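Please take these sequences and the hints and turn them into a complete structure.
Quick note, the sequences are listed as chains A and B, same order. For reference, each letter of the first sequence is one residue, going 1 to 377 in this note's numbering. For reference, each letter of the second sequence is one residue, going 1 to 164 in this note's numbering.
FYI, nobody ran anything at the bench for these hints, they're computed from the structure. Values in this document were obtained by computation on a predicted structure and should not be read as measured data. Check before you lean on any hint, since a few could be wrong.
As the list claims (entries may be wrong) - With a Cα cut of at most 35 Å, we get these calculated DSBU-like pairs of lysine-lysine:
| # | chain 1 | residue 1 | chain 2 | residue 2 |
| --- | --- | --- | --- | --- |
| 1 | B | 143 | A | 197 |
| 2 | B | 31 | A | 264 |
| 3 | A | 257 | B | 38 |
| 4 | B | 95 | A | 170 |
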Amino acid sequence: MILIGIAMFFYVGAKSAWASEAETLAIVSDTVLSGVAEKETPHEKAGHGDSDHEKFNPGEFIFDHIGDSYEWQIITFGETHVSIPLPVILYSKEQGLVAFWSSKFKHGHKAYKGFRVEAEGDHKGKIVEALADGSDVLPFDISITKNVASLFISVFVILLIFIRIGNAYKRNPIAAPKGIQSILEPIILFVRDDVAKPSIGAKYEKFMPYLLTVFFFIWINNMLGLIPIFPGGANVTGNIAVTMVLALATFTITTIKGNKNYWKHIFNAPGVPIWLKVPPLPIMPLVETIGIFIKPLVLMIRLFANITAGHIIGLGFISLIFLFGEMNQYLGYGVSVVSVFFIIFMTLLELLVAFIQAYVFTFLSALYFGMAVEEHH
Amino acid sequence: MGLLQPHTGTVIWMLIAFLTVFFVLKKFAWKPLMNALKMREDTIENALRSAEITQKEMEKMQADNEKTMAEAKKQRDIILKEAKNLKEQIIIDAKEQAALEANKIISDAKANIKSEKDAAISEIKEHAASLSISIAEKLLKEKLASEEDQKELIDRLLRDTKMN
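Written out as structure tokens, the structure is:
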């Protein structure tokens, strides 16, 4: 952790120095996907770099960092971008299935085969296809973006860790846990004994694989998101698509496993006056039905918001350095010390949040499963 | 890309990735893991229970041992006491026996001596009688070698006899 902090110190320290030399915009906008402020031609960019009028825009800076992108930016020295190109996979009505490396976009400055990364407007940051008649359409986009690539890396890491552990348990079930097994076993037992058992009850066993998968999936992705450089740094669990799929999984399992008692509670809750359950005033069934959908929706938003907020705060402190650096170079240096201190503090806090959010998601999922399979007393 | 707008491509990839992780881990990690944990817990529970039973048995055995020891001590004391008594008895008996035997030997010896003495006395008497007879015989033979002597003796004897 401290190492990362020190690395960040130098990183942001260096940046603040550049920022003061009115290169802020060139650097910052180059670090983001689409060359947001640079319109489309690279020539224009040089002009921007020379002018002192463009101000550092922290909002844009932050939102470009927590968003997704088609290439994996690693570092930028002046005008040189170091980034990993990722595969762009598109399906358009005109050209069918198209696949190419995102490096063809030249960091968002160039169009390729009529496709370009939109810099402005409603579709900002998305790939749009320019048709022959001059109109733009959105192709069906299943590109391996930064988030997806990061997702694959985390999947690989998760599979590697847990298949190894699984084999260790298979080989010698009674032996005391060793190595990584002994780190993860208490957590697995925690999920089983403190999350699944009290929430679900006797039938907890059939939900264990899902709960453990969700817990470790979220936790490991949260922590990978805290690593500032490749292979971490992507905002996977702060991506609404990712949390949506997770919430949908909980929703699907709850709905499928829901027993008679569960549905009875929703449509014919016992102990509620009958006039609240039938038209013209069916409030209870209505509220309960909405609740079915609200619960996964809240799961989705909570995880997304918490993780994104953590990233925003960290980036906010970095932005502070740029903002002060714009006023005065030495002010930038001074602020960087404070900022880095806060970033370290926030990162430690985020480590805790990473665990807590994984726990909360798992715990609430377990609670919903518990409601779904609860028997009538 | 809007922050709150789920991107279709990401949803699709996420779905694939998450389902892969779920099914692979379910088969290769969670199943052996949960089984192993259960097995281990059962083993530990059994071990603890059997340890408890063993401890109880040990305690019982120890109590038994102590009881046996105490009994053995008591037994030993009794045996020792008995042995002591027996020893004293034996000594007393032996003394009595020895005294009795000694008395018997002494009385036997006394009787023996008496009979021997009696025999010796009677033998001496006999011997003395026969000796005196033979002396007398020899004397007579010598004294009564002549006729006169014989007559004289007879006369004296007759006189003596008359006197008596």
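Going through the hints against the structure:
1. As the CA atoms of residue 143/B and residue 197/A are separated by approximately 157 Å, the hinted pair breaks the 35 Å bound.
2. The straight-line distance between the Cα atoms of residue 31/B and residue 264/A is roughly 33 Å, inside the 35 Å bound, and the hint therefore holds.
3. A hinted pair counts as satisfied when its Cα atoms are at most 35 Å apart, and residue 257/A with residue 38/B qualifies at roughly 24 Å.
4. Proposed proximity of residue 95/B and residue 170/A is contradicted: the alpha carbons are some 87 Å apart, above 35 Å.
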